[in-house]
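Participant: Read off the chains here:
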Amino acid sequence: MLCDSCGKNPVTTHIKTIINGELTEYSLCAECAQRLGYGNLLTGLGCDYGSLLGGFFGGAELDDPVRCKCCGATFDDIMRSGQVGCAQCYHTFYDRLIPLIQRIHGNTRHRGKVPGGGALQSRPQEQLSLMRRELREAIDAENFEHAASLRDRIKELEGGKAHE
Amino acid sequence: MNSPNPGCEEDVVIRTQIHLIRNLTDVPFCAKMSRADRQKLSERVAEAFSGNEALSHLFQFTDMESLSRVEAVSLVERHLVSADFISDRRGRGFFVNADETVSIMVNEEDHIHLQSSEVGLNPQKAFAAADSLDDILDKCLGFAFDENLGYLTQNPVNLGTGMRASLTLHLPALREGGGISRISSNLSKLRLALRGTFGSGVEPKGAVYQLSNHVTFGLSEQEAIANLQSIAMQLIEQERAARKELAESLEIQDTVSRSLAILQSAKMMANEEFMQLISNVRFGVAAGLIDPIDYGEINRLMVLVQPATLTFYSGKKLTPAERRSLRAEKIRDFLQKPSP
Numbered sequence: 001m002l003c004d005s006c007g008k009n010p011v012t013t014h015i016k017t018i019i020n021g022e023l024t025e026y027s028l029c030a031e032c033a034q035r036l037g038y039g040n041l042l043t044g045l046g047c048d049y050g051s052l053l054g055g056f057f058g059g060a061e062l063d064d065p066v067r068c069k070c071c072g073a074t075f076d077d078i079m080r081s082g083q084v085g086c087a088q089c090y091h092t093f094y095d096r097l098i099p100l101i102q103r104i105h106g107n108t109r110h111r112g113k114v115p116g117g118g119a120l121q122s123r124p125q126e127q128l129s130l131m132r133r134e135l136r137e138a139i140d141a142e143n144f145e146h147a148a149s150l151r152d153r154i155k156e157l158e159g160g161k162a163h164e
Numbered sequence: 001m002n003s004p005n006p007g008c009e010e011d012v013v014i015r016t017q018i019h020l021i022r023n024l025t026d027v028p029f030c031a032k033m034s035r036a037d038r039q040k041l042s043e044r045v046a047e048a049f050s051g052n053e054a055l056s057h058l059f060q061f062t063d064m065e066s067l068s069r070v071e072a073v074s075l076v077e078r079h080l081v082s083a084d085f086i087s088d089r090r091g092r093g094f095f096v097n098a099d100e101t102v103s104i105m106v107n108e109e110d111h112i113h114l115q116s117s118e119v120g121l122n123p124q125k126a127f128a129a130a131d132s133l134d135d136i137l138d139k140c141l142g143f144a145f146d147e148n149l150g151y152l153t154q155n156p157v158n159l160g161t162g163m164r165a166s167l168t169l170h171l172p173a174l175r176e177g178g179g180i181s182r183i184s185s186n187l188s189k190l191r192l193a194l195r196g197t198f199g200s201g202v203e204p205k206g207a208v209y210q211l212s213n214h215v216t217f218g219l220s221e222q223e224a225i226a227n228l229q230s231i232a233m234q235l236i237e238q239e240r241a242a243r244k245e246l247a248e249s250l251e252i253q254d255t256v257s258r259s260l261a262i263l264q265s266a267k268m269m270a271n272e273e274f275m276q277l278i279s280n281v282r283f284g285v286a287a288g289l290i291d292p293i294d295y296g297e298i299n300r301l302m303v304l305v306q307p308a309t310l311t312f313y314s315g316k317k318l319t320p321a322e323r324r325s326l327r328a329e330k331i332r333d334f335l336q337k338p339s340p
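Sequences listed follow chains S and A, in order.
Note that the first sequence covers residues 1 to 164 in our numbering.
Note that the second sequence covers residues 1 to 340 in our numbering.
Extracted from the complex, chain S is given alone in its bound form:
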């Protein structure tokens, strides 16, 4: 199947959209998907990257008896479909999923919202990062009074004393 946009390369991405009141599906090659802004790892908003995980693992077959107790998926199932079966799968296949997640995201630790706390009450490291950014902006804007106050608060959060 060839790309709907260039008509030359094989299709890697399917996009559903509404055109003139009709549900339409476009099939695009990797190059056109990139050119049209669908090239990155975006899903849930109209893109399909079903074969992504399979691609990362080179489509290797695994003879693995371990199944997730919640959904019955094997690691091979996850690889083939590109989709994790359930939340429990992440724990069942944790060690094998981590290298893949590292390849996708390049970072294996979540920062940001933790359930129950609300995203605005973020972790101290996050607050620090935001405050450092604000400090740089304050210095750039020559707002030195605000910068000094921010510097003190950053020191406090880092565990040092504000006025030594």
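Hints in this document: simulated from the structure, not taken from any laboratory.
Heads up, a few of these hints could be off.
Partner residues aside, some chain A positions facing chain S, computed with beta carbon under 7 Å [what the hints assert, rightly or not]:
1) PRO28
2) ALA83
3) ASP84
4) SER87
5) ASN148
6) ILE183
7) LEU190
8) LEU194
9) PHE217
10) GLY218
11) GLU221
12) GLN276
Here are the simulated DSS-like cross-link-like pairs (lysine-lysine), alpha carbons at most 30 Å apart as the crow flies [what the hints assert, rightly or not]:
13) S:LYS16 x A:LYS330
14) S:LYS16 x A:LYS125
15) A:LYS189 x A:LYS139
16) A:LYS40 x S:LYS69
17) S:LYS16 x A:LYS139
18) S:LYS8 x A:LYS189
19) A:LYS317 x A:LYS330
20) A:LYS189 x A:LYS267
21) A:LYS317 x S:LYS16
22) S:LYS69 x A:LYS139
23) A:LYS40 x S:LYS16
24) S:LYS16 x A:LYS316
25) A:LYS125 x A:LYS139
26) A:LYS205 x S:LYS8
27) S:LYS16 x A:LYS189
Computed from a predicted structure; not experimentally measured.
Note that CB positions come from ideal geometry on N, CA and C, so glycine has one too.
Take the given structure of chain S and dock chain A to it, following the hints.
Facilitator: Frame of chain S; chain A shown alone:
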């Protein structure tokens, strides 16, 4: 400058949307669910809403299977659900509040896809609404979360915050200058996407684009929003500079005036033609070439005359010719209203 919401950059930014995706801990993800499983989950989420006094008054539930095709497409045109969501409506449910600023898709790619919209550039406000609803639903339903991986999702690319922030931008001058592909390619290096809406994406009608973040992992919600906002401000400035230059051209001034005149007097109007003409008029308003028209009203018109939405609100089946005629009538009515 015509801006009733200062700081929202409405001359360029049409709307801000925040999406949060969440899953329950004790149910397989959507690809592994049967239609009956989906229905059960949809009912469970509906119970969570009805069991909460505030939410039960604010949100209305719709079983997607109960909708006609036109109603379902209209939900996409009104930016309340995704095109993927209506492609298979079995076992899928949808919640929306009265002013259609917050909606929830149940059983899209993940169990819960919550989205919050604001007019213009306003990610903080859109995020605050999504975040507080997320807290309430989490208490009732218990979302799957891991300390290291964040919110657990069907596709690992969404792990972490499970948040996408997107801005709908009107970029007629950058498009005219042919700079969109270069910008889009540079943005993809920063893991942001810029893509056309209203059309196949190859040459989007109306120069309407969507800018969104890709990074959900290793970055907090606030940091992701700050990054998107900072890039958006640069794009907005580039678009304004390009508009200033374009507005000096007599040819462009002529195009804007003619576009307004056609919209004011046409008896039949195809959707694609409308999108191009209203884009010219929106540009003309921003550049001060024609009298001010409220941006919010223009945005509403752009949604209301979309094919399925126009048909849905007319309450009857329309032939293509009737649709073009009704669209032209709505546009004429809109442009006859006194200017602010």
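Participant: None of the hints should be skipped; say for each whether it holds.
Facilitator: Structure-based check of all given hints:
Interface restraint check for A:PRO28: the shortest CB-CB distance to chain S comes to about 4 Å, inside 7 Å, so the restraint holds. Nearest Cβ of chain S to the Cβ of A:ALA83: about 4 Å, under the 7 Å cut. The hint holds. About 5 Å separates the beta-carbon of A:ASP84 from the nearest beta-carbon of chain S, less than 7 Å, and the hint is met. Interface hint status for A:SER87: upheld, as the beta-carbon distance to the closest one in chain S is roughly 5 Å, under 7 Å.
The criterion of a C-beta within 7 Å of any C-beta in chain S is met by A:ASN148, whose closest approach is roughly 5 Å, and the hint holds. Using the Cβ-Cβ criterion of 7 Å, the hint placing A:ILE183 at the interface with chain S is not satisfied: the shortest such distance is roughly 10 Å. Checking A:LEU190 against chain S by beta carbon gives a least distance of about 10 Å; that is not within 7 Å, so the hint is violated. Proximity of A:LEU194 to chain S holds as hinted, the smallest CB-CB distance being about 5 Å (cut-off 7 Å).
The interface hint given for A:PHE217 is met, as the beta carbon of that residue sits about 4 Å from the closest beta carbon of chain S, less than 7 Å. Nearest Cβ of chain S to the Cβ of A:GLY218: about 3 Å, under the 7 Å cut. The hint holds. The closest approach between the C-beta of A:GLU221 and any C-beta of chain S is roughly 5 Å, which is under the 7 Å cut-off, so the hint is satisfied. With a least beta-carbon distance of about 14 Å to chain S, the hint placing A:GLN276 at the interface is violated under the 7 Å criterion.
Note on S:LYS16 and A:LYS330: the hinted pairing holds, with a Cα-Cα distance of about 28 Å set against a maximum of 30 Å. Under the criterion of a C-alpha separation no larger than 30 Å, the hint pairing S:LYS16 with A:LYS125 is consistent with the structure, at around 29 Å. The straight-line distance between the Cα atoms of A:LYS189 and A:LYS139 is roughly 38 Å, outside the 30 Å bound, and the hint therefore fails. With a CA separation close to 20 Å, the supplied pair A:LYS40 and S:LYS69 stays within the 30 Å bound.
For a cut-off of 30 Å, the pair hint linking S:LYS16 to A:LYS139 is broken: about 33 Å separates their Cα positions. Of the supplied pair hints, the one linking S:LYS8 and A:LYS189 holds, its CA atoms being roughly 25 Å apart against a limit of 30 Å. With a C-alpha separation of about 17 Å, the suggested pairing of A:LYS317 with A:LYS330 holds against the 30 Å cut-off. For the suggested pair A:LYS189 and A:LYS267, the alpha carbons sit about 46 Å apart, so the restraint of at most 30 Å is broken.
Only pairs whose Cα atoms come within 30 Å are accepted, and A:LYS317 paired with S:LYS16 is accepted, the gap being roughly 24 Å. A distance of roughly 25 Å separates the Cα atoms of S:LYS69 and A:LYS139; the hinted pair therefore holds under the 30 Å criterion. Taking the CA atoms of A:LYS40 and S:LYS16, the gap is about 26 Å. The hint holds against a cut of 30 Å. Proposed proximity of S:LYS16 and A:LYS316 is supported: the alpha carbons are some 26 Å apart, at most 30 Å.
The straight-line distance between the Cα atoms of A:LYS125 and A:LYS139 is roughly 22 Å, inside the 30 Å bound, and the hint therefore holds. A distance of roughly 24 Å separates the Cα atoms of A:LYS205 and S:LYS8; the hinted pair therefore holds under the 30 Å criterion. Of the supplied pair hints, the one linking S:LYS16 and A:LYS189 holds, its CA atoms being roughly 24 Å apart against a limit of 30 Å.
Going through the hint list in order, the structure does not satisfy hints 6, 7, 12, 15, 17, 20.
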